[in-house]
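The opening position of the sequence shown corresponds to residue 1 in this note's numbering, with each subsequent residue numbered one higher.
Source of the hints: derived by calculation from the structure; they are not laboratory data. None of these values were measured; they are calculated from a predicted model. Hints are supplied without guarantee of correctness; some may be wrong.
Straight-line C-alpha distance at most 25 Å; calculated DMTMM-like pairs for lysine to aspartate or glutamate [what the hints assert, rightly or not]: (1) 239 <-> 192; (2) 103 <-> 162; (3) 44 <-> 196; (4) 103 <-> 192; (5) 239 <-> 77; (6) 44 <-> 192; (7) 239 <-> 196.
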Amino acid sequence: MTHAFLRRTASLLLFGSLVTVLQTGPAALIGCWGLCAGLLALYKPMRWFVLTATCFGAGFFVYLHVNSRWIAELQPEQLRILASRGSLLLVILPLVLLTLARKLPFTRYGGRPQWNEPVGVPWIWAGVARTNVSVFLGIAMTVSGLAFLPLMLRSGWTSIQESIGFAVLFAMTNALLEEFIWRGVLLSRFAEQFGDRWAVVLTSLGFGLQHYSLGFSWDLCVALAGGGFYFGAMTVQSKSIVPAIVWHMSINIWMVLGGIIV
Numbered sequence: 001m002t003h004a005f006l007r008r009t010a011s012l013l014l015f016g017s018l019v020t021v022l023q024t025g026p027a028a029l030i031g032c033w034g035l036c037a038g039l040l041a042l043y044k045p046m047r048w049f050v051l052t053a054t055c056f057g058a059g060f061f062v063y064l065h066v067n068s069r070w071i072a073e074l075q076p077e078q079l080r081i082l083a084s085r086g087s088l089l090l091v092i093l094p095l096v097l098l099t100l101a102r103k104l105p106f107t108r109y110g111g112r113p114q115w116n117e118p119v120g121v122p123w124i125w126a127g128v129a130r131t132n133v134s135v136f137l138g139i140a141m142t143v144s145g146l147a148f149l150p151l152m153l154r155s156g157w158t159s160i161q162e163s164i165g166f167a168v169l170f171a172m173t174n175a176l177l178e179e180f181i182w183r184g185v186l187l188s189r190f191a192e193q194f195g196d197r198w199a200v201v202l203t204s205l206g207f208g209l210q211h212y213s214l215g216f217s218w219d220l221c222v223a224l225a226g227g228g229f230y231f232g233a234m235t236v237q238s239k240s241i242v243p244a245i246v247w248h249m250s251i252n253i254w255m256v257l258g259g260i261i262v
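Make the full structure from the sequences, and use the hints.
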C-alpha cells in the first residue's frame, strides 16, 4: 500500500512539474526535471511511466517551440488559432511512436460508448443521485450552454452568425486532438500503469496546466483541470472517448460564439 501511494505521488509531481516547466522554466529547470526522471526510472515499476511522460514532454516541447516561433505570427487571427490547434499533432506523434514500438492499442477507449452505464450526480463516481451516461451528458451540455448564454447574448446575433463556421471548425480540430492526447493515448497508458482512476487524476492535471501556454491564468488552469476530471471520468465510465469529445466540442463552440475565442 505504501509503495503504491509513493508511486502515485511521484507520478503526480513528476508529470505536473513537466507540464509546468516546459511552459515556464529555463533550460536548467528542464535539465533538472530530466535528472529527476532518470533517477526515478532506475526504479523498475516507474520506468514505463517515465518513458511515457518523456515522450509526451518531447512532443509538447516541439509543439510549444513551433507555436512561439512560427504560428504566433500568422494572420488573420482565426488562421493562427486553427494552425495552433492543428499543431497538437506534434504532441501526438511521439506518443503514437511509443505505442507502435510497444505494440499496444492506441487507446483503450476507442469503442462504442456504453450509454446506459450508471454515473453519480454530480461527481460521476459519486453523488447524491444516480443516472446513466447519456442523461448525464445531456444535462452537462445543457448546463454548459446556459453558462455561456449571457456571453452569447452580449455578442449579438450578427456576431454569432458570422462565427458559426469558425466555431464548428475550431471545435472539431481542438476537441478531437486534445481528447485523443489526454483521454485517448495518455489516459490509456497511465491506466495500464496506475489504474483508471489515478490515470484520470494525472491526465486531468496535465490537461488543465497545459492551457497556460494558451494565455490562461494558473487559477483558470486549475479550474480546467476540474473539467478534465469530468472528461476523463466520463471516458472511463462509458468505456469510450466519444462522450468526452462531444461534450468538449460543445464547450468549444460556446466559447467561440460567446466571444472568448475569436
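Verification of the hints:
| no. | hint | in the structure |
| --- | --- | --- |
| 1 | 239 <-> 192 | holds, 14 Å |
| 2 | 103 <-> 162 | violated, 46 Å |
| 3 | 44 <-> 196 | holds, 21 Å |
| 4 | 103 <-> 192 | holds, 14 Å |
| 5 | 239 <-> 77 | violated, 37 Å |
| 6 | 44 <-> 192 | holds, 15 Å |
| 7 | 239 <-> 196 | holds, 11 Å |
Hint compliance for this structure: hints 2 and 5 are not met, and every other hint is.
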